[in-house]
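Residue numbers (my numbering), protein chains in the order written: chain A, -5 to 255; chain B, -5 to 255; chain C, -5 to 255; chain D, -5 to 255.
No lab work stands behind these hints: they were computed from the structure.
Warning: the hint list may mix true and false statements.
Repeated chains share a single entry, so a pair holds when one copy, or any two copies, can fit it.
To be verified - No farther apart than 30 Å at their CA atoms in a straight line, the calculated lysine-lysine pairs in the DSBU-like style are these: (1) K240 with K104; (2) K240 with K120; (3) K179 with K240; (4) K179 with K104.
Protein chains: 4
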Amino acid sequence: MTIRAVVWGENVHDRENEVVRSIYPTGMHGCIAAALNADPAISATTATLDQPEHGLSQARLAEADVLTWWGHKAHGAVAEAVVERVADRVWQGMGLIVLHSGHFSKIFKKLMGAPCSLRWREAGEKERVWVINRSHPIAQGLGASFVIGQTEMYGEPFTIPEPLETVFISWYDGGEVFRSGVTFKRGGGRIFYFAPGHEVYPIYHDANVQAVLRNAVRWAANPAPAWADVNKAPNVPADQAPEPIKQQGPRLHAPGEAGYR
Amino acid sequence: MTIRAVVWGENVHDRENEVVRSIYPTGMHGCIAAALNADPAISATTATLDQPEHGLSQARLAEADVLTWWGHKAHGAVAEAVVERVADRVWQGMGLIVLHSGHFSKIFKKLMGAPCSLRWREAGEKERVWVINRSHPIAQGLGASFVIGQTEMYGEPFTIPEPLETVFISWYDGGEVFRSGVTFKRGGGRIFYFAPGHEVYPIYHDANVQAVLRNAVRWAANPAPAWADVNKAPNVPADQAPEPIKQQGPRLHAPGEAGYR
Amino acid sequence: MTIRAVVWGENVHDRENEVVRSIYPTGMHGCIAAALNADPAISATTATLDQPEHGLSQARLAEADVLTWWGHKAHGAVAEAVVERVADRVWQGMGLIVLHSGHFSKIFKKLMGAPCSLRWREAGEKERVWVINRSHPIAQGLGASFVIGQTEMYGEPFTIPEPLETVFISWYDGGEVFRSGVTFKRGGGRIFYFAPGHEVYPIYHDANVQAVLRNAVRWAANPAPAWADVNKAPNVPADQAPEPIKQQGPRLHAPGEAGYR
Amino acid sequence: MTIRAVVWGENVHDRENEVVRSIYPTGMHGCIAAALNADPAISATTATLDQPEHGLSQARLAEADVLTWWGHKAHGAVAEAVVERVADRVWQGMGLIVLHSGHFSKIFKKLMGAPCSLRWREAGEKERVWVINRSHPIAQGLGASFVIGQTEMYGEPFTIPEPLETVFISWYDGGEVFRSGVTFKRGGGRIFYFAPGHEVYPIYHDANVQAVLRNAVRWAANPAPAWADVNKAPNVPADQAPEPIKQQGPRLHAPGEAGYR
């Protein structure tokens, strides 16, 4: 079964900034999609902010197994309705890979329930990404650590909930550390945040980074059927209780009435 | 040091429903606050939906160590600005106790990043609350389990993130189970969800339930100074890096410029 | 790639107890292995206590992707050397499925670092197993819950570390609850504990239970290469540090000396 | 209520190594106990390997709220009976602070169920300890990070179970990172591992390190009554079940018989 990945890109600096344009002539999303498509198990397409519904219609998301998200300058321009829609699909089981400055995207903050803030510095320094759990699916094919020659520093404290698993921690020239690869689950959806990816450096051309992206998409794809009613709160009347019980005492709701929300 | 607790009540069924009114003549919030004030270490006051800013002004929250939240019929009437404000204070370190139907409150869903849905049945059946970790601060003074004679059934799946700790699991006459006491952390804030508390039964008059509420407030109070900048993303210029580094390579941001969000 | 599973059975009551013998003429391990072999992706063989090295030689374990463990009466008869060997393989990446009374096996207690105690009752009562996360790989193909007609009650508190994920929680006729399906990771190894399986009832003949076993074996199989040096503590001399540093100050160890352990 | 802390020291290099002796004339345990006793809420005494029962008799442990553990050269000399006894007390609710080379102590490995291995280098390099959660009780009074001028490098992968909370992560001159402050719970016991503390450097004289030790002892002290039967597996006969049930079907155990272990 091919994993259907949608690579979402904000596509602003990709078009407007000369440095970014020269590094990523097909956009960062184009580069990431090509990296994913190098894996025969993955079929990746792209979607961008400027498309209708940001390229993320209900129909498109319904057929996505995994969504990757890169945004930075235009977080605020993402429509709330699309954010809600993506969250629903994650809860139903779609995987989500949030990249770099996506830590401040509406969708990541919504799914984390936390500030998702961090320290940062744009000084072209070196980052060394350490593999914390080399048996984790997302770490396959990597060495004990790998280097990104020029990076934007992202430093702790990274105000996320305690992760399910910490896969990578980064060391920086300038003295900081960062949990640069962390996993979460929300409903049926698997979520991976990966820090490297500042747009003025050619980070998504890096072989190790591309391996991480492919691994992450494979890991995040949940073959279970969509959890269609994950957001429902079904009433179970007394006469349909698993064990026989009698209706008794006062009640608020008329039989069959939906709950409040 | 006295723990300052604010007991928030929706105060709708408390006024409008005759059964609820007769059980809770001072409102559910009145009953809960009185239960908390039975502990000399706690000083509890109340706030309700119908007050200006729902009784939760910036100044009031700034002086709250712990907020308890009971809402049901009017989740939708809670102003977004107040929800944001409460979330900010939780991230800064204020404790939050979410009660019963508060599982679908805006604030709980925001902090969980998950549907927070469940099965339910209003049949006056029996609930037995099992203590999973009897050494947990929230379980102090309880036996191995305690019974709530008439309850609304809340059943799994409860679509929350994997909790930090599971303190209670409930058994119901009708055959369901529920993780009825679970903890989380978000930023500096400790969060406890406690399931019992349907308004047409006298649950907040129960001695064991009151003990849980007092324990939970004590547990959730974080004596650390408020994490005032938990939501900030400070830039650390190259010349202020912990280790000496040189600014190099292309950059996106002018020196001193704030990041995007 | 076929998953190589070894089904370990204590094989004591299977031989000595007439009830158990009649339910499981090929032993419980025989029944479990047959259930696993119904999945073409799995190739299961058996090993028992009475075999040399309990059937778990170094060579055998080296070729096992997943080990399932059922023991009860003879926990104390399992050789420490075999327990150590199994733990090493789990840390290297072999999956481990611990069944029922295996909660008190040496290997489970060793990997948990906790008492692993529980309440119990052998009264032939009904157990209803609730699926907490229906999108979890181990829950595939099951309904919202399933019933085991006659079971041994295992009740909370179950003194395990907080699980990575709670997949199942059981309800019992007699009023107890139990986290009956929980996952953990240790090193490269995935661990699943599953409570149902008392030997005087035909539980491993149940279709839902067999589905859980197959799902669990698939989930626990880690395709990553064995983490061969997971137990090593490599010294990294100053002249081989990732970043150039100078050896300085006093030191305890001679160059190249191994650490203490 | 004063917190009763027992500071356990191996006391081998403290006596035998001239460098260590000059830094710690009263032993490392002496220095640590003095640091703890600077907090009026803590009453710390010491115990060492060379004492009868390593200074950790049943009676002594029964009166300890928190035990700190520093060992290195003589891990193997610690009696199994004492290790079992300490584990029992942790499960009952005694706090445990494991220091530096204690990552390979018998007690830490037993409670983790994992290899607890790491990379290391003894080159007198600099360590910068980053505070991941500044609202955590163990981080009170510290800045965003603090420096240890000369340290032994401990590097990832640190093969521990996923921590309950990651409080500190360290950066090293030589390019490595390490989760240098992590929490766990086992039964009623709170466990904190703290990495700094190599014996040939004056690390336990450092004001920040001493603050961490005091904070950790306060955090680890669990005021709950000892969970005396945490290791028991009580049988609950059918006629004492919380809900009325009838004994039925075959059974293995005679009424009142203890379970197997």
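Exercise. Does the structure break any of the earlier hints, and which numbers would those be?
Worked result: Numbers 1, 3 - these are the hints that the structure violates, sorted from lowest upward.
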